[in-house]
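In order, the protein sequences belong to chains A and B. Counting in the numbering used here, the first sequence runs from 110 upward without gaps. Counting in the numbering used here, the second sequence runs from 110 upward without gaps.
Among the hints, a few may not be true.
Identical chains share a label here; the pair holds if one copy fits it or two copies do between them.
[Unchecked claim] The calculated lysine-lysine pairs, modelled on DSSO-like cross-linking and capped at a C-alpha distance of 30 Å, are:
| no. | residue 1 | residue 2 |
| --- | --- | --- |
| 1 | K339 | K309 |
| 2 | K355 | K339 |
| 3 | K309 | K355 |
Since the hints were made in silico from the structure, they are not lab data.
2 protein chains.
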Amino acid sequence: MTSLSISTYPGIPEIQAQDDLATIIGDVIQASAEGIAAGDILVVTSKIVSKAEGRQVAATDLDEAISTETVRVVASRPHPGGVTQIVENRQGLILAAAGVDNSNTPDGTVLLLPDDPDASAQALCTVLRTRFEVPIGIIISDTLGRAWREGQTDTAIGAAGVQVFEDYRGTEDSFGNILSASTAAVADEIAGAGDLVKRKVSGRPVALVRGLQDLVLTDDELSDPAHTAKSLIRPSENDMFRLGSKEAYAQGFEDGHVTARASES
Amino acid sequence: MTSLSISTYPGIPEIQAQDDLATIIGDVIQASAEGIAAGDILVVTSKIVSKAEGRQVAATDLDEAISTETVRVVASRPHPGGVTQIVENRQGLILAAAGVDNSNTPDGTVLLLPDDPDASAQALCTVLRTRFEVPIGIIISDTLGRAWREGQTDTAIGAAGVQVFEDYRGTEDSFGNILSASTAAVADEIAGAGDLVKRKVSGRPVALVRGLQDLVLTDDELSDPAHTAKSLIRPSENDMFRLGSKEAYAQGFEDGHVTARASES
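This is chain A alone, in the form it adopts within the complex (with noise of 0.2 Å):
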């Protein structure tokens, strides 16, 4: 009994502005053996979304580029190769580089993230429904990096038709005991899921997450606040590591040192 399976399309080709995202991955999907069916995943990999939405742009500063998508820088460390920062971009995401990426682009040219992922999810969403006439969800995965770990796993930018938490709090374990805290994000789960199969061939920007249908949305519940990626972003009062460790503590020696001038004089 497979519970879950993942796959990925083949022949979607490479994308480029103005490009019509919903149509292009409508034909591969009808012309594949796969198909899709009710309940299907769909995780979509962020670039191809930001390059049909134009946001490939000019840039000679790679720098420049990514200071203009910076909100608010939170950490930064130099390292023999230059400096790394954690910023909050736009979107409101906590990552390196503020999202701005220059693989995978001409020289000369860096690629946004989406200006609205979530957006982005629910246009898709709502194309690919109602085309193929099956409830289905919409994931869209970057790649970032995390507090305390090594790596990046593919993680849930942007999402539409899908639940991104599964809550279990309120719930009993078999002891009787009521589970609080366990609040499953499994939007992040499944990009990452999707990114297993992904990155084995390159140019499959698609990936077909099939047996979680439990987690796929009715019609009626797709415009629920509730179910977006941004909603998977800690808000900002609950944030226990809004600023890097370094920057905190100079803030604070800052504020020390002024205080107890200020005591003296």
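Given the coordinates of chain A, assemble chain B onto it according to the supplied hints.
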């Protein structure tokens, strides 16, 4: 063409202290329709490893059990229900409650993480490779929170027989740019993918991931320390979030105050 399938083995009994977990899992595999094949990866929930290793301990006071497992406090935040503490625990993981679990345990007891999850994975891997005479991988998973993002994802805390990273550094993209910062933490993505299936039915603590044989190591590579879940933990000298912002600020304030006072006198 399905590239990856994930299923669970039925019939794994409630695990008790001193149970021979490798034999129990081996027997379940042998009796199953799925069986096991070269290149398969098993994702094993840490809870059953802990139980077999006798890590269920009497604890009348959960907070006391958490302190015992804590090496240092990283951050804490009061909230209406108590205080959330993020700590570094004995296994080097940064997580809430030091990995001490009081769900699915009888009243008056808590469950600690396996003492050395990589060693636990190695032991399972060796026994199962010998019994079934195929190269397989083992990932021991636990549910961890993240900085900046809501919800938890299943993460690799122990690994054996499987690459934990896929390293793209130094490879070229299709435009000839060198990819400098791309190391996928595939073991964490696999742990999360396993959760997507295990979560669906209770009492399914082992997921079978089939289709990632390129990540499974040969017998000769089994003891290479590069392929451990420990290597997924960022070394403290590279960790920009070693302390919570509030804690680092307070330390800085104190030091700034003392420095100013000293320069006055």
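Going down the list of hints, with the structure as the test:
no., hint, result
1, K339 x K309, "both (28 Å within a copy, 25 Å between copies)"
2, K355 x K339, "both (28 Å within a copy, 25 Å between copies)"
3, K309 x K355, "neither (38 Å within a copy, 42 Å between copies)"
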